[in-house]
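Trainee: Mind docking chain G on chain W? Use the hints.
Heads up: the sequence lines are chains W and G, in that order. Just so you know, we're using my numbering here: the first sequence kicks off at 25 and counts up by one. Just so you know, we're using my numbering here: the second sequence kicks off at 25 and counts up by one.
There could be a bad hint or two in this list.
Identical copies look the same in the list; a pair holds intra-copy or inter-copy alike.
Subject to a maximum C-alpha distance of 27 Å in a straight line, what follows is the list of computed DSS-like cross-link-like pairs (lysine-lysine) [said to hold, decoys possible]:
| id | residue 1 | residue 2 |
| --- | --- | --- |
| 1 | K236 | K292 |
| 2 | K148 | K60 |
| 3 | K281 | K60 |
| 4 | K236 | K89 |
| 5 | K89 | K111 |
| 6 | K60 | K110 |
| 7 | K300 | K281 |
| 8 | K89 | K178 |
| 9 | K133 | K172 |
In case anyone wonders, no lab produced these hints; they're calculated from the structure.
Protein chains: 2
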Amino acid sequence: MDERVEHWISEHQALENGMSDQRLSLRVKQHLYSKKSQYQQVDVFDTWSYGRVLQLDGVFQTTEKDEFVYHEMISHVPLFTHPDPKKYLIIGGGDGGVAREALKHPLEKAYLVDIDEDVVTVSKKYLRSIGSEFDNPRLSVHCTDGIKFMQERKHEFDVISIDSTDPIGPAVGLFSNEFYQDVFNALTPDGVMACQSESPFYYPEFIRDLHKRLRTIFPIVTLYTGVIPTYPGAFWSWTLASKKYQPADVAMDSIAKRMKAGNMKNMKWFSPEIYKASFVLPPFVQQLIRA
Amino acid sequence: MDERVEHWISEHQALENGMSDQRLSLRVKQHLYSKKSQYQQVDVFDTWSYGRVLQLDGVFQTTEKDEFVYHEMISHVPLFTHPDPKKYLIIGGGDGGVAREALKHPLEKAYLVDIDEDVVTVSKKYLRSIGSEFDNPRLSVHCTDGIKFMQERKHEFDVISIDSTDPIGPAVGLFSNEFYQDVFNALTPDGVMACQSESPFYYPEFIRDLHKRLRTIFPIVTLYTGVIPTYPGAFWSWTLASKKYQPADVAMDSIAKRMKAGNMKNMKWFSPEIYKASFVLPPFVQQLIRA
Numbered sequence: 025m026d027e028r029v030e031h032w033i034s035e036h037q038a039l040e041n042g043m044s045d046q047r048l049s050l051r052v053k054q055h056l057y058s059k060k061s062q063y064q065q066v067d068v069f070d071t072w073s074y075g076r077v078l079q080l081d082g083v084f085q086t087t088e089k090d091e092f093v094y095h096e097m098i099s100h101v102p103l104f105t106h107p108d109p110k111k112y113l114i115i116g117g118g119d120g121g122v123a124r125e126a127l128k129h130p131l132e133k134a135y136l137v138d139i140d141e142d143v144v145t146v147s148k149k150y151l152r153s154i155g156s157e158f159d160n161p162r163l164s165v166h167c168t169d170g171i172k173f174m175q176e177r178k179h180e181f182d183v184i185s186i187d188s189t190d191p192i193g194p195a196v197g198l199f200s201n202e203f204y205q206d207v208f209n210a211l212t213p214d215g216v217m218a219c220q221s222e223s224p225f226y227y228p229e230f231i232r233d234l235h236k237r238l239r240t241i242f243p244i245v246t247l248y249t250g251v252i253p254t255y256p257g258a259f260w261s262w263t264l265a266s267k268k269y270q271p272a273d274v275a276m277d278s279i280a281k282r283m284k285a286g287n288m289k290n291m292k293w294f295s296p297e298i299y300k301a302s303f304v305l306p307p308f309v310q311q312l313i314r315a
Numbered sequence: 025m026d027e028r029v030e031h032w033i034s035e036h037q038a039l040e041n042g043m044s045d046q047r048l049s050l051r052v053k054q055h056l057y058s059k060k061s062q063y064q065q066v067d068v069f070d071t072w073s074y075g076r077v078l079q080l081d082g083v084f085q086t087t088e089k090d091e092f093v094y095h096e097m098i099s100h101v102p103l104f105t106h107p108d109p110k111k112y113l114i115i116g117g118g119d120g121g122v123a124r125e126a127l128k129h130p131l132e133k134a135y136l137v138d139i140d141e142d143v144v145t146v147s148k149k150y151l152r153s154i155g156s157e158f159d160n161p162r163l164s165v166h167c168t169d170g171i172k173f174m175q176e177r178k179h180e181f182d183v184i185s186i187d188s189t190d191p192i193g194p195a196v197g198l199f200s201n202e203f204y205q206d207v208f209n210a211l212t213p214d215g216v217m218a219c220q221s222e223s224p225f226y227y228p229e230f231i232r233d234l235h236k237r238l239r240t241i242f243p244i245v246t247l248y249t250g251v252i253p254t255y256p257g258a259f260w261s262w263t264l265a266s267k268k269y270q271p272a273d274v275a276m277d278s279i280a281k282r283m284k285a286g287n288m289k290n291m292k293w294f295s296p297e298i299y300k301a302s303f304v305l306p307p308f309v310q311q312l313i314r315a
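The shape of chain W in the complex, shown without the other chains (with noise of 0.2 Å):
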């Protein structure tokens, strides 16, 4: 085989003691993209097992064949634990998968604010399924400061779903107790807000930190998970926080109805069974957030 068809690009995957002593290694067929960013690399890899590839500092971001877990575990959770979300907030995503999935729901608008521009410039020339609905005129997006963006806004947005890289280097201001009182402040009286919260298998302790700092600002927080083979620990997680209504209450029908209602289609992952399913956890998990 010639070089190029023994191209590898490998993430290491550090657990919570810090230590990379594991990594995942996928084979290459084109370096499609490759540049610093003013903060921080960005590289888009065409893989033999994965499709395309987003890696953002080496580590996997998104890619073809998995992202649509993500994408609408992210979303549609969130979207569909409120009653009639009308203005969402994505905060980072700028692959433009959150985007594309949430605007499957009849809101009114939708922005999307990512620090990185290079990021999105990237997603619409090179991940064109994934960043499929950036021309929407109901998505307006903003490259610019997520933290920032928050503090100025205030009781304005039904949903809001943070799809933050991991909680070390630059997105480490995204789980803090101040951001989150912002996206609380930022919340209608009603609002939902989703966040990624890593693997319970890697990440235990950041989890049950994060549910404890939570339930200090929002008066319910819950946990729920899905599978992203790319990830590091593959069962991921996210966090449900909501001032009012409960996960437990919303019924499968009333999913089943609005997406009827609003023709929503093309989801692989997300049904009204496995929004259900998808807070059921296993005990090893259960331990880690209870109150």
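Mentor: Only chain G this time, still in chain W's reference frame:
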């Protein structure tokens, strides 16, 4: 760092197309055991992130960190689908993990049939938390060919779990129609069987074909899932085939009662709620097994 500290092991994880386009690598503390048995290359490593790891022919079989998911799901799901299992058979499972879980049930007798005695020996010595029940008087271990063993038994077992390696190489016979017919014959008239059936992300056509074939033998065939981070695709499936009992008819209450009556403890993945949730399939998996 010295060379020992930087010792890594990798599994080249093949996709359905037969290409090895990705690999998972773990950093090794110590190589504890290595032997070419009569059937396969057997290795035990102590790793930094997953504890002790059993590899057969270079494929991760089980690790101390994530073994509980696989072993709980392949045993408790079929055992709780049957209302009162007395005789239980494990094909494969030489590491002892399935037996450890199954013996939490009030079985009269469990049989473990693994072709490779070296796997049993090595697990007793190096994987003691997994192979912890080999001395249980209710367990009968047979190091012999599971295919032949099955042919000789009729209407004997209430539940059978097939804990095989992948459907390539030595285990291929454990996925044949002839073997499944023998499994059907070895089960009591209301018997239940479960087998591991790979990842829907990587082996969708295998799952589709398996279900088509099993439906010609068993009246009830269904799929359930869990997550094993060290298996290719991580999102893992098992197939349950049953002569009489439908998992949908099993009440969570009745599982909880049996767990309490049997004083069943230390389950980290399985619960009555997880039993139900594990049969809820994302749409992309559901369409694979649509009859």
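Trainee: Evaluate each hint against the coordinates.
Mentor: Hint-by-hint comparison with the structure:
1. K236 / K292: Between copies, since 22 Å is at most 27 Å while 32 Å is not.
2. K148 / K60: Intra 18 Å, inter 52 Å, cutoff 27 Å: intra-copy only.
3. K281 / K60: Answer is neither; intra-copy 46 Å and inter-copy 59 Å both fail.
4. K236 / K89: between (34 Å within a copy, 25 Å between copies)
5. K89 / K111: neither (29 Å within a copy, 42 Å between copies)
6. K60 / K110: Classified as neither: same-chain Cα gap 36 Å, cross-chain 63 Å, threshold 27 Å.
7. K300 / K281: This pair counts as both: shortest intra-copy Cα distance 15 Å, inter-copy 23 Å.
8. K89 / K178: Neither: 37 Å inside a copy, 44 Å across copies.
9. K133 / K172: within (20 Å within a copy, 65 Å between copies)
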